[in-house]
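K.L.:
Chain by chain, the residues:
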Amino acid sequence: MVNPEIQGRVYPPTAPYLVGREKVREFARAVLSTSPLHLDPEAARAAGYADVVAPPTFAVVVQEATLAQLLADEAAGVDFSRVVHGDQRFTYTRPIVAGDELTATLTIAAVKQLGGHSMVTASSEIVDADGAHVVTAISTLVVRAAEEEQA
Amino acid sequence: MSTPVFAELSVGEVVAERELLATRDRLVRYAGASGDFNPIHYRDDVALSVGLPGVLAHGMFTMGAAGSVVTDWLGAAGRVVDYQSRFTRPVPVDADAGAVITVTATVGAIDATLRTARLDLKVVFDGATVLGKAQLAVAFE
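Chains as they are written, first to last, in numbering that gives the first Met the number 0: chain A, 0 to 150; chain B, 0 to 140.
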């Protein structure tokens with residue numbers, strides 16, 4: 000069972016993540032995108048962006064470092080082999096573009112118990128090098144009960 | 000495909016529709032691009048050992064690819080300000096045939112003052128919806 004006392008916990012900001020143009024292209028191709036905004040810097044510039052624009056789910060790459068903090072926190076008691084992704088949300092102030100240096104801060108928004116399972120809502124606030132908000136990524140992780148916990 | 004025009008959108012209109020093919024090769028590419036190397040997305044033996052029917056697509060692969068259907072349609076006409084989804088049903092990806100996922104994007108709501116539109120995605124595999132409440136909010140220029 001996940002420790003309910005981690006609700007409200009705020010973890011230290013992650014190391015800055017530099018968004019590379021080729022990483023954006025690689026991610027865009029991996030999600031089967033053909034939009035030139037994700038692939039072609041000239042098309043992105045023509046649309047008013049400094050460089051290629053990351054697809055809307057790209058923030059998961061930066062968020063991952065915050066979820067690693069949660070999994071590494073022994074006091075939290077999250078067993079990764081029992082984790083199922085329940086839901087995901089990204090709320091953007093502006094799109095991520097290549098060249099951004101992003102830092103993420105994880106807050107445990109909620110821990111709920113449901114029939115032996117734990118539902119952890121993890122909110123990662125991602126800011127740029129100036130500290131300006133770019134996107135908040137919110138995941139609900141469902142941690143399935145171990146067999147001995149299922150009554 | 001022509002560039003979408005905000006004033007011409009209407010609630011209930013289907014703006015984009017696409018069949019996506021998830022293959023093992025594509026899951027491996029997504030694992031590399033995203034950094035999610037959970038072996039249930041590329042190893043049958045591991046998937047079976049934890050009680051799954053076989054290798055499953057990452058929920059985030061399906062969410063990301065479904066989002067591409069909208070961003071390919073949107074082009075430079077606007078930007079995504081919010082994207083959410085629930086992962087309601089797994090997508091097993093057959094080693095030979097892969098998995099065909101159908102995505103339909105419909106205009107769910109329009110805010111003429113803010114120049115935003117909500118797009119509702121219906122994402123179906125094998126006759127069943129696999130993403131719940133999959134919605135993108137798009138701000139037009």
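Hints are computed from structural coordinates only; laboratory data are not their basis. Among these hints, one or two may not hold up.
Taking beta-carbon pairs under 10 Å as the criterion, some of the chain A residues facing chain B (in silico) [unchecked claim]:
#1 Gly47
#2 Ser80
#3 Pro94
#4 Lys111
#5 Gln112
#6 Leu113
#7 His116
#8 Thr120
#9 Ser122
A quick note: this is a predicted structure, and the numbers were derived from the prediction, not measured. Ideal Cβ placement from N, Cα and C applies to all residues, glycine included.
K.L.:
Hint by hint, say whether it matches the structure.
P.N.:
Cross-check of the supplied hints:
| no. | hint | result |
| --- | --- | --- |
| 1 | Gly47 | 8 Å, holds |
| 2 | Ser80 | 7 Å, holds |
| 3 | Pro94 | 5 Å, holds |
| 4 | Lys111 | 15 Å, violated |
| 5 | Gln112 | 19 Å, violated |
| 6 | Leu113 | 15 Å, violated |
| 7 | His116 | 15 Å, violated |
| 8 | Thr120 | 13 Å, violated |
| 9 | Ser122 | 13 Å, violated |
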